[in-house]
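Q: Listed in order, the protein sequences are those of chains E and A. The working numbering applies: residue 1 is where the first sequence begins, and numbers increase by one. The working numbering applies: residue 1 is where the second sequence begins, and numbers increase by one.
Hints may be right or wrong, so weigh each one.
One copy or two, either will do: identical chains are not told apart, so a pair holds if it fits within one copy or between any two.
Once the Cα atoms are required to be at most 30 Å apart in a straight line, the calculated DSS-like pairs of lysine-lysine come out as [to be verified]:
| id | residue 1 | residue 2 |
| --- | --- | --- |
| 1 | K29 | K87 |
| 2 | K66 | K4 |
| 3 | K29 | K86 |
| 4 | K4 | K87 |
| 5 | K9 | K87 |
| 6 | K37 | K18 |
| 7 | K37 | K90 |
| 8 | K4 | K44 |
| 9 | K37 | K4 |
| 10 | K87 | K101 |
| 11 | K4 | K19 |
| 12 | K9 | K101 |
| 13 | K90 | K44 |
| 14 | K90 | K66 |
Don't read these hints as lab results, they were simulated from the structure. Bear in mind the structure is a predicted one, so any value in this text is a computation, not a measurement.
2 protein chains.
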Amino acid sequence: MNEKDQNLKALLDVDLLKKLVVGIGEVSKITGIPTRKIRYWEEKGAIQSESGAEGSTRRYNYLNVKKMLLIQEMIDEGFTLDAAIKKVEKRMVTLNEAFRKLADTVQDTDE
Amino acid sequence: MNEKDQNLKALLDVDLLKKLVVGIGEVSKITGIPTRKIRYWEEKGAIQSESGAEGSTRRYNYLNVKKMLLIQEMIDEGFTLDAAIKKVEKRMVTLNEAFRKLADTVQDTDE
DNA sequence: AACAAATTGTAGTTTAGTTACAAAAATAAG
DNA sequence: CTTATTTTTGTAACTAAACTACAATTTGTT
Numbered sequence: 001m002n003e004k005d006q007n008l009k010a011l012l013d014v015d016l017l018k019k020l021v022v023g024i025g026e027v028s029k030i031t032g033i034p035t036r037k038i039r040y041w042e043e044k045g046a047i048q049s050e051s052g053a054e055g056s057t058r059r060y061n062y063l064n065v066k067k068m069l070l071i072q073e074m075i076d077e078g079f080t081l082d083a084a085i086k087k088v089e090k091r092m093v094t095l096n097e098a099f100r101k102l103a104d105t106v107q108d109t110d111e
Numbered sequence: 001m002n003e004k005d006q007n008l009k010a011l012l013d014v015d016l017l018k019k020l021v022v023g024i025g026e027v028s029k030i031t032g033i034p035t036r037k038i039r040y041w042e043e044k045g046a047i048q049s050e051s052g053a054e055g056s057t058r059r060y061n062y063l064n065v066k067k068m069l070l071i072q073e074m075i076d077e078g079f080t081l082d083a084a085i086k087k088v089e090k091r092m093v094t095l096n097e098a099f100r101k102l103a104d105t106v107q108d109t110d111e
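Please build the complete structure, drawing on both the sequences and the hints.
A: Written out as structure tokens, the structure reads:
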């Protein structure tokens, strides 16, 4: 493991990053998407919050928020919501995979 | 910029990471530290939430949470709260700096 | 115009968080 | 062991954030 990776390892706690889940109001502030719209997108299946049980409040992780930003981008470019969802879904496969790999790189014990 | 850095750049949106601020309940779930204790530590100046105005709710970012975890570690090792705070404060200088550098590495436009 | 897709509004309710008290444990000092 | 200090915990009364479940409006298509 080289120096850069070690620095990264010391700094970036991916386990922690995964647990940093924010409320819908915060997501709205971050992305500029109204909360009402976020809930609608979720109804449509565009995004999945970690709400767990019914009656509890929605929580979104890093990748969820990223996904919303991407969907919004697509829509701004003129795609319909459905088309945007499909496009972004593909993109997310790669991102999820990359994220998993990053977790490995950073979390692995020294070689 | 090498391939690894590029992958990292595509994946890790540091601007977004900075904005991922969680509520006190979430922090409590993540760290195992009771909310009451978190507020006490904040009174003592051990941590600083991004609560802005009075009456508003506390928000904690990645580094805030990291700091709490470190303080808890120190306490578990037998340090007093004050000693733990001082120790961790030093550690955080480095972490903050490393974080700033990471932001640069990842956010810089291609060379 | 007519239909469907997408977004927005909101009343009433639940959940999460706040402050400002005080009390109880735990640790250190005399 | 007693007193003082630090640290942690409890909780009542209140405010802020989020939820659901309706419906209405706006936007885009045929």
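Q: Starting from the hint list further up, note which numbers the structure goes against and sort them upward.
A: 8 and 9
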